[in-house]
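> So the chains spell out like this:
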Amino acid sequence: MKNEMTKSYEQINAKIESGKAVVLTAEEIIEYVERKGLEAAAKEVDVVTTATFGPMCSSGCFLNFGHSTPKMRISEAWLDDVPAYCGIAAVDVFLGATQLRQGDPANLYYPGEFRYGGGHVIEKLVAGEKVQLFGLSYGTDDYPRREIRTWLTIQELNQAVMVNPRNCYQNYNVAINRSDRPIYTYLGLIKPQMQNLSYCSAGQLSPLLNDPLYETIGIGSKVWLAGAQGHVYSEGTQHNPTCERGRGEVPTEGAGTLALTGNMKEMKAEFVRGVSLIGYGVSLALGVGIPIPILTPDILRRTTIRDQDILAPVIDYAHDYPQKTGKVVCHLSYAELKKGEVEIKGKKVRTGSMSSYSKALEIANLLKDEIKRGNFLLSRPYQPLPRKQSMGALKIVDQNAREVRT
Amino acid sequence: MTTKKLMLYFPKSETEKPLVYHLVKDYNLVINIFRAKVTPEEYGYLVLDVTGTEEDIRQGMEFVRTFDVQVDEAQKGVRWDEQICTSCGNCIPHCPTEALHIPDRGTMKVVFDSDLCVECLSCISNCPYGACSSIF
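Chain order of the listed sequences is A and B. For reference, each letter of the first sequence is one residue, going 1 to 406 in our numbering. For reference, each letter of the second sequence is one residue, going 1 to 136 in our numbering.
Bear in mind the hints are in silico, worked out from the structure with no lab data behind them. Here the structure is a predicted model, which means the values were calculated and not measured. Where a beta carbon is used, it is the ideal one built from N, C-alpha and C, also for glycine. Be careful, since some hints might not be right.
Stated by the list, open to error - Cβ-Cβ distance ranges computed for the label pairs, FRET-style: (1) T39(B) x N375(A): 55 to 63 Å; (2) T97(B) x D180(A): 20 to 28 Å; (3) A36(B) x I396(A): 49 to 57 Å; (4) I396(A) x N32(B): 49 to 57 Å; (5) Q229(A) x C120(B): 37 to 45 Å.
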C-alpha cells in the first residue's frame, strides 16, 4: 500500500504544463509532511526541489570557436592565458575548471594564492565578458594557419557546453587538522590542533541526500545547471553507492555522484563562480538544482530528511586523508555543523563551510518558481544510477604487475 | 568615554614626530593600532581605535592635522562586497572578532559588521571568491 504509485511522470508534467503543479523546496517539505501526514501530502505534492552550491572541481566545458580565414587546426590554445586541451577536432577545445593560468607559481611560494584559472575563465565567459584566445598549430595543407590571437565572447562561439564528470557528491567529508601546523586544502585553511573544521554539503537541501537510493535521479534526469536546463549524462566519476549508510539508507560518507551537462549560453554568472583556494589551487563553484517527482509516498518520505539526521565523517586532513588510513575521528550531523561551533574530543571547534546553504536555498526556490510557471518539465531517467559498484584504488605496480611499496 | 575607529594618512615627510606618544601623553587617549605603514619618503597610514572623551579625541585629531596628517573617520580599511560573497561561510572560523558572522542560522547568510573588524586580513586570503579586499 505504502509504495503504491501515486503519480506518473506524465501526470506530473501535465500539471506543470497547466501551471497547477504543487511544488515545495526540500526545506519546506519537512514541515509540510509533518502537518499533513505522508499519505495525504504524497497525493498533493508533485515535485520537491533540491539544490546545492559549492566548488565542483570535476567541471569544465567544450568550446567551438568556428573557423578563421585561412583555417587553423589548433594544437595548443590558451584562454586568458589558461591552457585548454586541444587533442580533439580543429577548433574544439576543452577547458577544465582546475587548470592554472600559464606561469602561475602554484605552491612555489607556499601557500600559493592561485588567483586565476579555468574556473575564472568559465565565469567570465558566462558573464558575457571578452576572453582572449591564443592558439598555435604546426600547420597542414588543409589548415595552413599556425598562430592566432583574438578576443571573443560566449555569444560568438558556436557551442559552449559545460560537461562535468563529477558534481553533486551525495555527502562529504568534514576536514579537521590534528597536527601542529596549518594545512591548506580544497576545504580551505584548516588550523592546527582542531581550531576549526570545514564541511561541504547543502545537507537537507542536497539533491542525492533527498533521493538516497537514486529512485528518481538517474541518467537522463533533467537538472537545473546554473540556470540552464541540463541533464545527468552518466554516473559521476567515483560513484560509490555501496558506501556506509545510516538511518533511512542515507550515506554517511561521499557515496553517489552525478555527471552533468548543460548549455553554458543559458547559464547565469552568479551561479558559475571561479574559486581560488589558498595553498591548494583553482576551481569552479556551481549551483545545481534537481527536481524530485513525488511518484510514491516513499519517495516523498525520503525528501523529508533533516540536517539533524544526516551525518558526515570528520577526517584528519593532516594525516588520515592524505595517507588513506581510513580513520574517521567521529561523525557530526549537519544540524550541529551549521551551528557554528561543535565539540570534538572535549575541544570546542569553530565550523566553516565551502558549500553555500544560502545559495542552495535560493536555487531551490528559483527552480520551484520555474516549475510552477510551467517552464521546467521533468524527465524520466532512461537508466538508473548503478547501485552495486564500489570505488577502486590505484595500485602502484612494476612492469611485471608486482606491487611496489613506496 | 567613546571609541572611534580612525584612519590617518601621512604625507611623505611626516614620519619623525612621535604622534602616537603625544596622543597618549598629552591627550589621554587609549590607542589600539590595527595596521600601520609609516615609512620615510612614502605615503603612510595608521588604522587605529582611539578611546577617550569626545573632547580629547577632537583635540588630539586637531593636533595630528597640524602635521598635514589626514584623519578619516568614514573610511574602512577592509571591504566586503556583498555582491561577490556567496555566503559559503568559509571565512567564519577565520574571523577572530566575528565581524563576519551568520546572524540567522536558518538562512545561513553571511554579513559583515565593519565596526568589529580589526583588519587582521585573514578573510582576504581565505575567501575563495575575493569578496574581501583591503584599500591598502
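> All hints are to be evaluated individually against the structure, with a verdict given for each.
Do the hints match the structure? See the list:
1. T39(B) x N375(A): 55 to 63 Å: holds (59 Å)
2. T97(B) x D180(A): 20 to 28 Å: holds (25 Å)
3. A36(B) x I396(A): 49 to 57 Å: holds (52 Å)
4. I396(A) x N32(B): 49 to 57 Å: Because 55 Å falls inside the window, the suggested range holds.
5. Q229(A) x C120(B): 37 to 45 Å: Given a distance of about 44 Å, which is inside 37 to 45 Å, the answer is holds.
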